Amino acid sequence: MIKKAIISEASETFCKKVIELSGEIVSRCDQCGTCTGSCPMVIEMDISPSQMMRLVLLGDESVLEMKTIWICASCFSCTARCPRGLDASKVAEALRQMKLRKAIHYLHLEEIDREELKKFPQMVLVAAYRKLTG
Amino acid sequence: MKRIPYYPGCSLQTKAKHFETTAMAVAEALDYEMITLPRWNCCGAVHSLTSDDLMHHIAPVTTLLRSKEFSEANQLDDSRLVVLCAMCLNVLKRTNKRVIELIDDRTKMNDFLYLESSKYDGSTQVIHFLELLKEIGWDVLSRKVTHPLSNLSVSPYYGCLLLRPKEVGIDDPEAPVIQENLLHSLQAKVVENPLKNRCCGSYHTLADKQVVVDLSYDILTNAQKAGAEIITTSCPLCAFNLDQRQEDIIKKYSGFKKIPVVYFTELMMIAFGLPLKNAGLDQHYVDPRPLFIEKEMYHEE
Amino acid sequence: MRNELEVKLIPIYILSRKHLVPEGSTIITAMEYAGFKLKKGIGCREGFCGACASLYRLETDFKLHGGLGCQTVVQPNMQIVQIPYTPSPKAIYDLETINPEEEVFTATYPELYRCLSCNTCAKICPQEILVMDYVQAGIKGDLALMADLSFDCIMCGLCAARCPAEITQFNAALLARRLFGKYVNKKGRFLEDRIKQIQDGKFEEGYRELMNLPKEAITKRYFDRELNFKIT
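Protein chains in written order, with numbering that gives the first Met the number 0: chain S, 0 to 133; chain A, 0 to 300; chain U, 0 to 231.
Quick caveat, the hints were computed from the structure, so don't treat them as lab data. It is possible that some hints are incorrect.
Claimed, not checked - Derived pair list, reagent style DSSO-like, types lysine-lysine, alpha-carbon separation capped at 27 Å:
id: 1; chain 1: S; residue 1: Lys101; chain 2: U; residue 2: Lys122
id: 2; chain 1: S; residue 1: Lys117; chain 2: A; residue 2: Lys251
id: 3; chain 1: U; residue 1: Lys39; chain 2: S; residue 2: Lys118
id: 4; chain 1: A; residue 1: Lys107; chain 2: U; residue 2: Lys62
id: 5; chain 1: A; residue 1: Lys208; chain 2: S; residue 2: Lys98
id: 6; chain 1: A; residue 1: Lys118; chain 2: U; residue 2: Lys62
id: 7; chain 1: S; residue 1: Lys16; chain 2: A; residue 2: Lys107
id: 8; chain 1: S; residue 1: Lys117; chain 2: A; residue 2: Lys208
id: 9; chain 1: A; residue 1: Lys251; chain 2: S; residue 2: Lys118
id: 10; chain 1: S; residue 1: Lys66; chain 2: A; residue 2: Lys250
id: 11; chain 1: S; residue 1: Lys117; chain 2: U; residue 2: Lys122
id: 12; chain 1: A; residue 1: Lys16; chain 2: S; residue 2: Lys101
id: 13; chain 1: A; residue 1: Lys133; chain 2: S; residue 2: Lys118
id: 14; chain 1: U; residue 1: Lys39; chain 2: U; residue 2: Lys122
id: 15; chain 1: S; residue 1: Lys15; chain 2: S; residue 2: Lys66
id: 16; chain 1: U; residue 1: Lys181; chain 2: A; residue 2: Lys16
As the list claims (entries may be wrong) - If you want the ones that stay clear, here's a sample from chain S, every Cβ over 12 Å from chain U, calculated:
id: 17; residue: Ile42
id: 18; residue: Met44
id: 19; residue: Asp59
id: 20; residue: Ala79
id: 21; residue: Lys98
id: 22; residue: Leu116
Source: prediction; values computed, not measured. Think of the CB as a built atom: it goes at the ideal place given N, C-alpha and C, for glycine as much as any other residue.
I would like the entire structure built from these sequences, with the hints used as guidance.
What follows is the structure, given as structure tokens:
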């Protein structure tokens, strides 16, 4: 599917906001695909990490609606291998935070059975809350 | 007995208690006393990755501060903070680095923490138990071995947070050898699993279970293909995903054969001939004891 | 001839409106002096019930302070608002059947694990309780420590109002104390032993004697009784 990219002032603002929030110079990404090749979660994602970086650069806010940013497990495989020294995990975190800071949560505690919750080591709850709730 | 401060983290004194008890027993055998910090709070498990965040760094910073105060007040032989959990290691080291480098952030956080009795200055050094073992020396460990694990094929698993990002990892992220060296000192047979440093799915085990099922299946079957009889790990979350989730793996992949997953300290207990009564060998979903009995490494009491 | 008590009046701001109130008043007495008829946000007036939780700011600093209305003395240009109630979720459980295990909070108050260790709760607590520490004790599954640290809690709700992780600390602490008292704490045998003594009739005779005494004799016995304190 070919999508037309429309670069407007709003998209420039969005791109700059993500660059600021993540601290990563996204324009350095040359779309080599190493991050995508390294990512263990890529099968579960709707767009690849490279595509996520591209959408950010184009200022396309639809990237915020993708499952990709939530399925990222912050394993830092991409970080360790990016030939340009970029950190895609930080970009994913910035995109997550743009939703979470508006109290739009990904994880809804009420939907999880309490007895199930008891089986997990506590660190699972702490990590999941910090990553997936605002 | 050399005394060193120890930070447990939320899971090490509850769900993963046997990891702590076995580590402390092994440390004692190597003349180290791991002293739990008297007052500690959860480290936060994950390092906040946005550039502007301060709030989510408060938890690890208070941990580092408490360690500094404890070491100073008690004149310990070793003032570094030792941790067992890979997640704690990662978040504490990364936050420490951030707080040392960004002086403005550090000042703001110290200001916010005005109820504390001192300020954090970046002086705490965090190390993982495996690094401590490496420092003690593999030859020293070899000399302690009374029950060599020579007929056991082990596949060590690292996961992500022990190795990445490079500036806080305890070994090379692509080709780590620290657990292999440890296992060699115990005379175990080490097999090479190409997926030993691949993520197990981490906290997705809570709400996106299938991700973990698939990833763990890949990791475990690759280890089995290499000839592994048992997997070692250093993180309660990895242990949960690789061990407990085998229940879900079997439901999806019917041909899957279960394989026990233990903490590396449990194997050390066996190798050092330490009493196994409280080693928590019964705390696993896939019971390692039948394998140990078969290898004549364990006797039912 | 009149005895006039010279009272100095100082300005304070209640709900952002300026009032002149006697120096040395508490927030509660100042509000009542200013004409507020308090039905909510008022209770025992002794610092024990937790109903009069208030937030205030002083002209000397930028900080947001929390305190009990009946215990906090007003200062010039203090800005005050009452927080009579903080909405707080309460887990539904049966104390008889609940399991006092380490994971009890995962099932009842899983939001405890959101704690950021920021200590905002302890900073606002009017009882100077180490709130963050007891929440962390809950995370660690240490019921005894949580019950001990939260002992002075009067359920005023200020901690929950300020918590960035949206935890309701005091309800979790209440559960911890209830579980501790029922399941964990050592039981004193005193009550059981005393009840047995009563049932065995140990006090029957003495009781019957007292019941049959005339009024003067009983009155004399009352005033002659042994005391271990001084009546002032």
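These are the hints, each one checked on the structure:
no.: 1; hint: S/Lys101 with U/Lys122; verdict: holds, 26 Å
no.: 2; hint: S/Lys117 with A/Lys251; verdict: holds, 23 Å
no.: 3; hint: U/Lys39 with S/Lys118; verdict: violated, 42 Å
no.: 4; hint: A/Lys107 with U/Lys62; verdict: holds, 15 Å
no.: 5; hint: A/Lys208 with S/Lys98; verdict: holds, 22 Å
no.: 6; hint: A/Lys118 with U/Lys62; verdict: holds, 20 Å
no.: 7; hint: S/Lys16 with A/Lys107; verdict: holds, 23 Å
no.: 8; hint: S/Lys117 with A/Lys208; verdict: holds, 15 Å
no.: 9; hint: A/Lys251 with S/Lys118; verdict: holds, 20 Å
no.: 10; hint: S/Lys66 with A/Lys250; verdict: holds, 25 Å
no.: 11; hint: S/Lys117 with U/Lys122; verdict: violated, 31 Å
no.: 12; hint: A/Lys16 with S/Lys101; verdict: violated, 38 Å
no.: 13; hint: A/Lys133 with S/Lys118; verdict: violated, 33 Å
no.: 14; hint: U/Lys39 with U/Lys122; verdict: holds, 25 Å
no.: 15; hint: S/Lys15 with S/Lys66; verdict: holds, 22 Å
no.: 16; hint: U/Lys181 with A/Lys16; verdict: holds, 26 Å
no.: 17; hint: Ile42; verdict: holds, 29 Å
no.: 18; hint: Met44; verdict: holds, 26 Å
no.: 19; hint: Asp59; verdict: holds, 31 Å
no.: 20; hint: Ala79; verdict: holds, 28 Å
no.: 21; hint: Lys98; verdict: holds, 17 Å
no.: 22; hint: Leu116; verdict: violated, 5 Å
Of the numbered hints given earlier, the model fails hints 3, 11, 12, 13, 22; all others are met.
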